[in-house]
Amino acid sequence: MQHTKQYEFKLEENYFFKSDRGLTKRVVEQISYFKGEPEWMLKFRLKALEIAEKKGRPKWGPDLSGLNFDDIFFYVRPNEKQGTAGSWDDIPEDVRKTYQRLGVPEAEQRALAGVGAQYESEMVYHKLKAEWEKLGVLFLDTDTGLKEHPEIFKEYFASVIPPEDNYFAAVNSAVWSGGSFVYVPEGVHVEVPLQAYFLLNAENVGQFERTLIIGAPGSKFHYIEGCTAPAYTSNSFHSGVIEIVCQENSHVRYSTIQNWSHNVYNLVTQRAMVHAGASMGWLDGNLGSKTTMKYPSTYLVGEGAHGEILSIAFATDGQHQDAGAKVIHVAPNTTSSVVSKSISKGTGRSSYRGLVQIHEGATNARSNVECDALLLDENARTDTFPYIEISEKTAHVGHEATVSKLDDEQIFYLMTRGLKEDEAMALIVRGFLDPVAKELPLEYAVELNRLIELEMEGSVG
Amino acid sequence: MATLLDNPAVDAAAVEAIVEAYAEPAWLADERRAALRSYAAAPFPTEKTEEWRYTQLKRFRLDGLALAKAPKDESVPERIRMRIADSDAEGVMVHKGNRVVLRQANIKEAGVVFTDLRTAVREHEELLRRHLYSVVNATQTKYTALNSALWENGTFVYVPKDVEVELPLGAFTTADAGGIGLGRTLIVLDVNSRLTFIDEYTSEPFEERLFFDAATEIVLQEGAKLRYVSLQNWSRNVAHMNKLRAHLGKDARLESVTVSLGADAARAEVESRLEGPGSESEMLGLYFADEGQHFNQFTLQHHATERGFSDVLFKGAVRDASQAVYSGLIVVDPHAQKTDAYQTNRNLLLDEEAEVVSIPQLEIAANDVKCSHGSTTGPVPEDQRFYLMSRGLRPEVAEHVLVTGFLYEVMSRVTLPKVAEYVERVVQAKLGVPGVKEKL
Numbered sequence: 001m002q003h004t005k006q007y008e009f010k011l012e013e014n015y016f017f018k019s020d021r022g023l024t025k026r027v028v029e030q031i032s033y034f035k036g037e038p039e040w041m042l043k044f045r046l047k048a049l050e051i052a053e054k055k056g057r058p059k060w061g062p063d064l065s066g067l068n069f070d071d072i073f074f075y076v077r078p079n080e081k082q083g084t085a086g087s088w089d090d091i092p093e094d095v096r097k098t099y100q101r102l103g104v105p106e107a108e109q110r111a112l113a114g115v116g117a118q119y120e121s122e123m124v125y126h127k128l129k130a131e132w133e134k135l136g137v138l139f140l141d142t143d144t145g146l147k148e149h150p151e152i153f154k155e156y157f158a159s160v161i162p163p164e165d166n167y168f169a170a171v172n173s174a175v176w177s178g179g180s181f182v183y184v185p186e187g188v189h190v191e192v193p194l195q196a197y198f199l200l201n202a203e204n205v206g207q208f209e210r211t212l213i214i215g216a217p218g219s220k221f222h223y224i225e226g227c228t229a230p231a232y233t234s235n236s237f238h239s240g241v242i243e244i245v246c247q248e249n250s251h252v253r254y255s256t257i258q259n260w261s262h263n264v265y266n267l268v269t270q271r272a273m274v275h276a277g278a279s280m281g282w283l284d285g286n287l288g289s290k291t292t293m294k295y296p297s298t299y300l301v302g303e304g305a306h307g308e309i310l311s312i313a314f315a316t317d318g319q320h321q322d323a324g325a326k327v328i329h330v331a332p333n334t335t336s337s338v339v340s341k342s343i344s345k346g347t348g349r350s351s352y353r354g355l356v357q358i359h360e361g362a363t364n365a366r367s368n369v370e371c372d373a374l375l376l377d378e379n380a381r382t383d384t385f386p387y388i389e390i391s392e393k394t395a396h397v398g399h400e401a402t403v404s405k406l407d408d409e410q411i412f413y414l415m416t417r418g419l420k421e422d423e424a425m426a427l428i429v430r431g432f433l434d435p436v437a438k439e440l441p442l443e444y445a446v447e448l449n450r451l452i453e454l455e456m457e458g459s460v461g
Numbered sequence: 462m463a464t465l466l467d468n469p470a471v472d473a474a475a476v477e478a479i480v481e482a483y484a485e486p487a488w489l490a491d492e493r494r495a496a497l498r499s500y501a502a503a504p505f506p507t508e509k510t511e512e513w514r515y516t517q518l519k520r521f522r523l524d525g526l527a528l529a530k531a532p533k534d535e536s537v538p539e540r541i542r543m544r545i546a547d548s549d550a551e552g553v554m555v556h557k558g559n560r561v562v563l564r565q566a567n568i569k570e571a572g573v574v575f576t577d578l579r580t581a582v583r584e585h586e587e588l589l590r591r592h593l594y595s596v597v598n599a600t601q602t603k604y605t606a607l608n609s610a611l612w613e614n615g616t617f618v619y620v621p622k623d624v625e626v627e628l629p630l631g632a633f634t635t636a637d638a639g640g641i642g643l644g645r646t647l648i649v650l651d652v653n654s655r656l657t658f659i660d661e662y663t664s665e666p667f668e669e670r671l672f673f674d675a676a677t678e679i680v681l682q683e684g685a686k687l688r689y690v691s692l693q694n695w696s697r698n699v700a701h702m703n704k705l706r707a708h709l710g711k712d713a714r715l716e717s718v719t720v721s722l723g724a725d726a727a728r729a730e731v732e733s734r735l736e737g738p739g740s741e742s743e744m745l746g747l748y749f750a751d752e753g754q755h756f757n758q759f760t761l762q763h764h765a766t767e768r769g770f771s772d773v774l775f776k777g778a779v780r781d782a783s784q785a786v787y788s789g790l791i792v793v794d795p796h797a798q799k800t801d802a803y804q805t806n807r808n809l810l811l812d813e814e815a816e817v818v819s820i821p822q823l824e825i826a827a828n829d830v831k832c833s834h835g836s837t838t839g840p841v842p843e844d845q846r847f848y849l850m851s852r853g854l855r856p857e858v859a860e861h862v863l864v865t866g867f868l869y870e871v872m873s874r875v876t877l878p879k880v881a882e883y884v885e886r887v888v889q890a891k892l893g894v895p896g897v898k899e900k901l
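Going line by line, the protein sequences match chains A and B.
When we follow our numbering, the leftmost residue of the first sequence carries the number 1, and every step to the right adds one.
When we follow our numbering, the leftmost residue of the second sequence carries the number 462, and every step to the right adds one.
Treat the hints with caution; some may be incorrect.
Below 25 Å or equal to it, Euclidean Cα-Cα: the simulated BS3-like pairs (lysine-lysine) are [unchecked claim]:
#1 A:K47 with A:K25
#2 B:K509 with A:K54
#3 A:K59 with B:K898
The set of hints was computed from the structure by calculation and includes no laboratory data.
All chains should be modelled from the sequences, with the hints used to inform the complete structure.
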């Protein structure tokens, strides 16, 4: 490839490599070089970099002043050999504690500690993988997807979220690495969820993952992303892009519950393009990070398309969860529902920032938005900014939001039944989030509850 | 970037001319000069400025407009005479351009002041000095800065402690020429007093374009209760900008209604600041946009203290290729515990080309609060229409009944029968109900 000649890299393919700090043209070229990408991808990355530079950071929303690009390594190439990339001791204390307490992803613990790959879930994964492959399902990391299925890849990549979309999408487009590539062929129903545990893979996906999910006509599947994905590197910036295409009459669900460590800026763009008769469901949970900006969006572009977004946010001391949802109705008879639940504790701040748009021609569109916020402390804070723009007469759009505090009477009642105060609080919080937990497969619901317990711990006194 | 508000007529000479013409006291002259500086320093809103994002700023342009001159004649227009005869108001004042052309007060209660601002500067200087600019001032928006620098006249009402003004008072503002018009209302209710006040803006169509910049300052001291109606039904050559803001003391209560029916474009900012514990603010709004009108409403419920109650209900309908924008904000400060705040916006879309934007927002920093907001937008319900038609109503009549019924929820909370009737007539005329237009 032409661009490789510009540099005399002395590094072996499998050498542990860190890019320069900061977001520069050189870094972008290095990433593309190390991945051995086709020329069009390098061009795409460089163009995206230009767009990012031109756009600049958003001037609204949470405070991002603590985010200094000059300190950030935009690409860290992991060692090919699993286990030595990070030793258990390198993991920050709070993350390690979370792992230990969670119990469920014990396998993850071991992977991080470098014990090896022969654990139960890996074998399960391989068994499932074979089953999926029989059906023609592609489930790869995005880098491999680009190499092995260039036609499908090129057709859909950046078709849902172009780099022009927003600043962070442009940054991701320039430096993306890893993520999931899913293609489910026409009419195929995958009964068990496709699950991606990023940290389990030898391929460390980095913090700029690019996920591309395509549901061919009539397909049906549920994709779940690594339930807890604590950041264990010193990198404090995560900016993923998740693009989903739901072709005619497909049913796609995407679930994630993220629990980044509290020094991470988590700025993600996720969007689905939903065609006629298809339906898309998002379940988006945000518990960790320092600052989150995340608004799963659904474009209902085909007649009768349906979108659902369930979003939860839990903001504790020093956190700002700026989450929300976007639904754009472009076609007739499209329907959508958004349920957003947020909890703020300590000095935590949660925001719901939403947009419902009914375009001209989207006749008989129906949309309902429900936001409930729970404030646990005097210092906690919550905001809702739901934008509703309607240009079609036959639209039915409703929005309801409530804010309330933890009910003293309920706590008192539970305490008279022998629960400690923080247990009582955790129980109530779980009840508040129950509608969301119900939508998750059992093991994830269990994990969500454990995470809540961890967040609630020591909340009293 | 287009400097949408840039206007050579707004300058120091214009301020000095007013100061001189009315021989204003030094404090007022200083306020005006400072306001002009704020006006010059304030950035021009653009369509990217969040607060103005859905406002069609081009409709609120000032460029090319001179400050409105004195009216061509000082008679009271027939239209206003009819409105006065058909109004709930007992004491009335008529502002035509920058002149007061009628003042007729039938006030029996002692100590009540109901006069124009010019007279008030002379006769009640201490009250004015204390309250004027205390609620609406040059620091808020470009338009309030403009008003603060260049207002010429307006209405002043003061109700002393423990006095209840039984009959409603009202000010009618009209114009017979274009340019930049400025109106200002200052209402001060002393401890435990009560008042009902109607501010009406209306005119016959005239040749030129009028940009009208209105400011309403309301001071409610402890236990005071005010019912306030702002009714805008300008002719279509007018753009109307109105900042209405109230400061509420302990246990004070405001019931306001903001009605937007006329003008080519109107933006109403209706704001309450609950400063005293136990204060209550109910802000109602009603709008009906047709024939390309652009109505823009903003509400603010700012709970700065504990135990406040506030409720916003804004309902509107849009017809033809017109737009309605509602954005509202509930702010609860960290120590404003036991706040109880509600905000509702409901819209009816009557035509394909009509557009509605609704943004009900909450910013809550206290935890022991009850807050909720809701917003709905949709067409006239088919089943209700069908029901009425099954009872023998023609489709268009069924629609009239349903739209008036929808909007009447707001007017039914206003206990001023004549205001409600008038609003209903205007709505019906807009809906094309036969025989109504003639009665307006």
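Results of checking the hints against the structure:
no.: 1; hint: A:K47 with A:K25; result: holds (10 Å)
no.: 2; hint: B:K509 with A:K54; result: holds (17 Å)
no.: 3; hint: A:K59 with B:K898; result: violated (49 Å)
In this structure, the one hint that does not hold is number 3.
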